[in-house]
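**Student:** The primary structure of each chain is shown beneath.
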Amino acid sequence: MNEKELENSATEDSSDIGSEEPIRILLVEDDPALRLVMRNVLENHDYHVQEADSRVVAEAILKDDTSIAAIVLDLGLPPSPHTTAEGLAVIRSVVEKLYPAKIVVLTGQDEESSALAAIKEGAFDFLSKPSKSEDILNAVQRAVLFYRKERTLSEEEGLTRLQINAKVADGLKAVREDAEEKLVRHVLKDTKFNVYQSAARLGLKRESIYYFLK
Amino acid sequence: MANLYPYLILIGISIILATSWLLGQARRRARITNELVSLNEELGFDLPDFLRHCWAPLQKAGFKGISWQLDWFGSTISHSEGTKGEVFIDRSLDIDDISLSVHLYDGKRRFEQRYFSNVLSESFFLLLYTDMWVKLGTVQGAFAQTAKMNVFLQHDMKNIVQLISLVAEQLESTPAGKEEKLLSSLRTVMPTLRERSERFLNTLSTQTPTDPVQPVNLCEAFHKTADIHDLEIEISGEGQVLVNQQSLNSICDNLFGNYIDETRRNPGSQPIIQIVIEDNENDLEVKIRDENGRPCLWPERLFEPFWSEKGDGLGIGLYHARQLVTGAGGNLRALTPSDDAMTFVVNLPKPL
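Going down the list, the protein sequences come from chains A and B. Take the first sequence: its position 144, counted from the start at 1, is 144 in my numbering, and no numbers get skipped. Numbers given in my numbering equal positions in the second sequence, counted from 1, plus 214.
Where hints are given, some of them may not hold.
No farther apart than 27 Å at their CA atoms in a straight line, the calculated lysine-lysine pairs in the BS3-like style are these [unchecked claim]: (1) B:Lys372 x A:Lys132; (2) A:Lys132 x B:Lys438; (3) A:Lys182 x A:Lys167; (4) A:Lys167 x A:Lys192; (5) A:Lys149 x A:Lys97; (6) B:Lys362 x B:Lys349; (7) A:Lys132 x B:Lys349; (8) B:Lys392 x A:Lys120; (9) A:Lys189 x A:Lys149; (10) A:Lys120 x B:Lys362; (11) A:Lys173 x A:Lys97; (12) B:Lys438 x B:Lys349; (13) A:Lys97 x A:Lys120; (14) A:Lys173 x A:Lys132; (15) A:Lys167 x A:Lys63.
A partial selection of chain B residues facing chain A, derived with a Cβ cut-off under 8 Å [said to hold, decoys possible]: (16) Ser306; (17) Phe330; (18) Met363; (19) Lys392; (20) Leu397; (21) Ser411; (22) Asp475; (23) Ser552; (24) Met556.
FYI, nobody ran anything at the bench for these hints, they're computed from the structure. We put the CB at the ideal spot given by N, CA and C, even for glycine.
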């Protein structure tokens, strides 16, 4: 998708949302001054921003608010702000708990290795500090666009996007098992862990669902 | 039997003389070994320098000559002194980027002389080997610390640059009607930015601040730092100390930093910091303790520079604090009972 199309899509989205609630963004940044300025940048573009200064706070917000469309994430968070451990843990948590939010990483950590690790864990986009506000906003727009389109596909066509990290050497069986588990977990989450409904939706026996719940 | 006495006396005297001679020889070799150790220390454990200056003591020990070839981080140097012969003791030492080959030439020695030569040459080789490790340890440590420092400074610097960059962009393109909001943000951001930049400079600076010392109220300094870090503290006692204000801020910052790190690691455990200030004759003694704190597992490492418990910190906070306290004429130590929370004890001079 080129910049023009993206802009058009984002405008469409904004107008969609104009009549609804504003798009919700979670800003995870441990530097309070930078967090405040970034919040202003996002709010000036009509995003509703929630803030977190650590992984624990971010996870609590994500648990409470499932309507968050995008997360702008600094990888270096306390208690180890000079490593990527906490930031990557946030990405892992979002992927594992099947939160629909898209993650835009904005970090000052070593670019190449951090980008690789973040994308491997499931980040949607990666920006290194310092980035222009235009680049940050473009990345957030793309993330929101994907979030909205995936939600539409899920609601209208029942399509679910699954992310699978697979090693070719592990063969098809490993990929299939991973995909099956993720799909079942996804459906279970959608049905609020109603095993009967999940089994019906997936065309499986209830016993098979219990197998995945182990 | 009486006829044997002169022989027995002769044998006894011979034994005494031989033992005395051996003891004399042993003492002489010990003195030469000490001379080598002292020389090595004087030369700062520098291997090339030591090799260039070691011949004099070795010659005193009776060695005929020495030759060595040193590969020193890719540069090869060699040297020889005295005369070479057929009898020698040799050793090759090799660690990473340093390798050394040494030949110590000796005359034809037997019995105790050979033993003494071997003992001395082994001590000499051990010194050479130690110097190699000292150099490598220093080099590797310096690289590790520089890399760690770079990671820390880059992280902070990138945040500062990102902040300035976003503020500059907002100043240029603030939407109409949102100027007041921007101004309000700047009022909050700028002091924080200044504080961060000052801390950044403090991290880089290894010198004690040069501003004049002045009487400073300890309670105010503790409360100010606690407020910045959103820490709750309880203070009993009060008093003034004669110290540079910037140094005191930095000392408080670094001491409280431990409790802040602990809170971040265990978000549920809020520290309860008790500070007791006692008035001594010449100084104020301050005891700082977290009532919820854990016993310190690494008491010997607390003030070691570039060491942090989880390996995730720069590890110079407490080292820096101790340097500043000592520089102010005081003392900083930690009481680390194995079954109770650690207590920092700071002594700082009082105004006259």
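**Student:** Evaluate each hint against the coordinates.
**Tutor:** A quick look at each hint next to the structure:
1. Taken as a hint, the Lys372 (chain B) and Lys132 (chain A) pair is honoured in the structure, with Cα atoms around 13 Å apart against an allowance of 27 Å.
2. Taking the CA atoms of Lys132 (chain A) and Lys438 (chain B), the gap is near 35 Å; set against the 27 Å cutoff, the hint is violated.
3. Between Lys182 (chain A) and Lys167 (chain A), the direct Cα distance comes to roughly 17 Å. Compliance with the 27 Å bound is thereby established for this hinted pair.
4. Taken as a hint, the Lys167 (chain A) and Lys192 (chain A) pair is broken in the structure, with Cα atoms around 31 Å apart against an allowance of 27 Å.
5. With a C-alpha separation of about 20 Å, the suggested pair Lys149 (chain A) and Lys97 (chain A) falls inside the 27 Å cut-off, and the hint holds.
6. Between Lys362 (chain B) and Lys349 (chain B), the direct Cα distance comes to roughly 20 Å. Compliance with the 27 Å bound is thereby established for this hinted pair.
7. Pair hint Lys132 (chain A) plus Lys349 (chain B) does not hold up; C-alpha atoms about 45 Å apart against a cutoff of 27 Å.
8. Distance hint between Lys392 (chain B) and Lys120 (chain A) is unfulfilled; the C-alpha atoms sit about 39 Å from each other, more than 27 Å.
9. Proposed proximity of Lys189 (chain A) and Lys149 (chain A) is supported: the alpha carbons are some 19 Å apart, at most 27 Å.
10. At most 27 Å may separate the alpha-carbon atoms for a hinted pair to count; Lys120 (chain A) and Lys362 (chain B) meet this at roughly 25 Å.
11. About 23 Å separates the Cα atoms of Lys173 (chain A) and Lys97 (chain A), which keeps this hinted pair within 27 Å; it holds.
12. Restraint check: the Cα-Cα separation between Lys438 (chain B) and Lys349 (chain B) comes to about 44 Å, which exceeds 27 Å; the hinted pair is violated.
13. For the hint linking Lys97 (chain A) to Lys120 (chain A), the alpha-carbon distance of about 16 Å falls within 27 Å, and the restraint holds.
14. Distance check on the hinted pair: Lys173 (chain A) and Lys132 (chain A) sit about 44 Å apart at the alpha-carbon level, beyond 27 Å; violated.
15. Pair hint Lys167 (chain A) plus Lys63 (chain A) does not hold up; C-alpha atoms about 31 Å apart against a cutoff of 27 Å.
16. Hint on Ser306 (chain B) is violated. Least Cβ distance to chain A is approximately 39 Å, over the 8 Å limit.
17. A cut of 8 Å between beta carbons decides the hint on Phe330 (chain B): the least distance to chain A is about 55 Å, and the hint is violated.
18. Violation of the interface hint for Met363 (chain B) is found here, the shortest Cβ-Cβ separation to chain A being roughly 10 Å, above the 8 Å cut-off.
19. Checking Lys392 (chain B) against chain A by beta carbon gives a least distance of about 6 Å; that is within 8 Å, so the hint holds.
20. Given hint, Leu397 (chain B) at the interface with chain A, is violated; its Cβ is 11 Å from that chain's nearest Cβ, farther than 8 Å.
21. A distance limit of 8 Å between C-beta atoms decides the matter here; for Ser411 (chain B) the minimum to chain A is near 11 Å, and the interface restraint is violated.
22. Look at Asp475 (chain B): its Cβ gets to within about 6 Å of chain A, closer than 8 Å, so that hint holds up.
23. Taken as an interface hint, Ser552 (chain B) does not check out: its beta carbon lies about 24 Å from the nearest beta carbon of chain A, beyond 8 Å.
24. With a cut of 8 Å, the hint placing Met556 (chain B) at the interface with chain A is violated, because the nearest CB-to-CB distance is about 18 Å.
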